[in-house]
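Asker: Protein chains in written order, with this note's numbering: chain A, 1 to 313; chain B, 1001 to 1215.
In case anyone wonders, no lab produced these hints; they're calculated from the structure. Some hints could be false.
[Unchecked claim] Which residues of chain B face chain A? A few of them, derived with a C-beta cut under 10 Å, are:
id : residue
1  : Val1041
2  : Leu1057
3  : Phe1072
4  : Ala1116
5  : Pro1136
6  : Ile1151
7  : Leu1168
8  : Phe1169
9  : Ser1176
10 : Ala1181
11 : Thr1185
12 : Ala1190
[Stated by the list, open to error] No farther apart than 25 Å at their CA atoms in a straight line, the calculated lysine-lysine pairs in the PhoX-like style are these:
id : chain 1 : residue 1 : chain 2 : residue 2
13 : B       : Lys1086   : B       : Lys1173
14 : A       : Lys130    : B       : Lys1086
15 : A       : Lys43     : B       : Lys1086
16 : A       : Lys130    : B       : Lys1173
17 : A       : Lys72     : A       : Lys13
18 : A       : Lys97     : A       : Lys43
19 : A       : Lys183    : A       : Lys170
20 : A       : Lys170    : A       : Lys97
Keep in mind that this is a model prediction, so the values were computed, not measured. Cβ atoms here follow ideal geometry from the backbone N, Cα and C, with glycine treated the same way.
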Amino acid sequence: MSASVLYDAPGPKARIRNRVYSVIGSLAVLGLIVFVIVRLNDKGQFAPEMWDIFNYAGIRNDIVEGLLTTLKVFAVAAVLSLALGALLAVGRLSEHKAVRWVTTGFIELFRAVPLLITIYALWVLFLTYKSELGFEGTQTEFWALVIGLTVYNGSVQAEVLRAGINSVPKGQREAAYALGMRKTQVMTTVLIPQGVRAMLPTIISQLVVTLKDTSLGYVITYEELLYKAQQVAGNTVVNDDNPYIPMIIVIGCIYVALCLALSALASWIERRGRRAKSGIAVAPAEQPVAAADALDVVDQAEVAGPVGTAAKN
Amino acid sequence: MNLLFDFFPEFRDGFLGTLSITAASAVLALVLGIIMAGFRVSPIPPLRAFGTAWVTLLRNTPLTLLFLIAFFVIPQIFFPGTSPYKLAVGALGCYTSTFVCEAVRSGISTVPIGQAEAARSLGMTFFQTLRMIILPQATRTVIPPLSSIFIALTKNSAIAGAFSNTELFSVSKLLSDKGYAIGWTFLWIALCYLVITFSISGIFRIMERRMEVAR
Chain A
1 MSASVLYDAP
11 GPKARIRNRV
21 YSVIGSLAVL
31 GLIVFVIVRL
41 NDKGQFAPEM
51 WDIFNYAGIR
61 NDIVEGLLTT
71 LKVFAVAAVL
81 SLALGALLAV
91 GRLSEHKAVR
101 WVTTGFIELF
111 RAVPLLITIY
121 ALWVLFLTYK
131 SELGFEGTQT
141 EFWALVIGLT
151 VYNGSVQAEV
161 LRAGINSVPK
171 GQREAAYALG
181 MRKTQVMTTV
191 LIPQGVRAML
201 PTIISQLVVT
211 LKDTSLGYVI
221 TYEELLYKAQ
231 QVAGNTVVND
241 DNPYIPMIIV
251 IGCIYVALCL
261 ALSALASWIE
271 RRGRRAKSGI
281 AVAPAEQPVA
291 AADALDVVDQ
301 AEVAGPVGTA
311 AKN
Chain B
1001 MNLLFDFFPE
1011 FRDGFLGTLS
1021 ITAASAVLAL
1031 VLGIIMAGFR
1041 VSPIPPLRAF
1051 GTAWVTLLRN
1061 TPLTLLFLIA
1071 FFVIPQIFFP
1081 GTSPYKLAVG
1091 ALGCYTSTFV
1101 CEAVRSGIST
1111 VPIGQAEAAR
1121 SLGMTFFQTL
1131 RMIILPQATR
1141 TVIPPLSSIF
1151 IALTKNSAIA
1161 GAFSNTELFS
1171 VSKLLSDKGY
1181 AIGWTFLWIA
1191 LCYLVITFSI
1201 SGIFRIMERR
1211 MEVAR
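The task is simple: from the sequences and hints, build the whole structure.
Answerer: What follows is the structure in structure tokens.
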């Protein structure tokens, strides 16, 4: 149902009314923005000196360094979580009961516990056994963050992949077995490629969540973008005040730009996938619920799956 | 086992803290989310744009950054000296409201077109159609996604613990600062979260069954 069903095409009276509401609505939104700007200006947050800090090479280098650290954590965690996700998905679909139970337990445990608590527990654990594990400098924080992100997002990616594999039409598997392929071959050459194709938008949307969650490194004092920026702002004094607000505005823009770019990639792939007539429904590029749960997406994927199956069978 | 009984008051306070932060921000998210969904389907372009901007911006911002904004920026603009509890509820509520908004919006689109058409032909205005016809019928399809949104909210509330609130994460921090082994603390905290998330999904399943209608 498109939105226009909810209201009639406006007549002369309604058009005037809508225009009045438009003006009031825009004024309210504008008023709020102006109020925020005026208040911040009163506090001297828009003083030129406050924003001049971004002209210093030191501060710029710190921000770039933080950004690169964030991207490094994201890249390592993304690769590892996809690998772990594939492993867990296959484990959950295994024919051996023991393997299935272990992987299901793993997935359910790490999906249910807040990521922050996992990361914190890993951090404390790694700090305790720092010398045994051979970590130096910030490596402890790095690996706590990366492994925390990996086990959590790996569990979520596993569920997404499993939904994708289940959405592959039954005939594909049967045909592959009829050709005499072994279980592993069927999985790696027939089911996973098609499952990944169906779930690619959802997988990338979950990567956006991974990217957002790298900011949890702030809590374990790892010097990624957020922590670094906060530290730099805390160490800089301009006009007897710390430039927290300019800093937050700048890194906020960086984060939003990064996430929007990845989301745009996901929806581009979704549109592209819908155009192709492969008979496999492509999952929507909906961002998984609340930076945390792919449950909703998996539900949708399971709805999306049978559509393709029905068309095929 | 001993850990839980030795530090029972701390665990109880943390558990109740998580519950109250989750409940308060769930209410805020529900109210804001429904309002924003209304904005996004309304006939008034500026409100539609505002709703879209709200969802796109907040959804693509890390929650930790929102917490920083709530704790550093908001006190400068509105009310200085707001308690960390209220700021945390605000950040969590605004963040979760975008997901509620999208769930409600997709719920609205599952209501049969005939319902809205009938309402319009009776002469109902947009607001009346939405309030009396569409939203009550959308409730049924919105409940399952809401359940996972609130479970996610429970887990996100852990971040509030890092910003001077008393809840389960701050309990785990407290105990590990006191030098207790992190393994047991982790398991007990995980159990507390499991209790909360299972009860949320149980409550929503009951609600779903209550509202079930044979079509």
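Asker: Could you run down the list of hints and mark each one as holding or not?
Answerer: Status of each hint after checking the structure:
no.	hint	verdict
1	Val1041	holds (4 Å)
2	Leu1057	holds (7 Å)
3	Phe1072	holds (5 Å)
4	Ala1116	holds (5 Å)
5	Pro1136	violated (14 Å)
6	Ile1151	holds (6 Å)
7	Leu1168	holds (7 Å)
8	Phe1169	holds (6 Å)
9	Ser1176	holds (5 Å)
10	Ala1181	holds (9 Å)
11	Thr1185	holds (8 Å)
12	Ala1190	holds (5 Å)
13	B:Lys1086 x B:Lys1173	holds (21 Å)
14	A:Lys130 x B:Lys1086	violated (38 Å)
15	A:Lys43 x B:Lys1086	holds (22 Å)
16	A:Lys130 x B:Lys1173	holds (19 Å)
17	A:Lys72 x A:Lys13	violated (58 Å)
18	A:Lys97 x A:Lys43	violated (64 Å)
19	A:Lys183 x A:Lys170	holds (15 Å)
20	A:Lys170 x A:Lys97	holds (22 Å)
Taken one by one, the earlier hints fail for this structure at numbers 5, 14, 17, 18, listed in ascending order.
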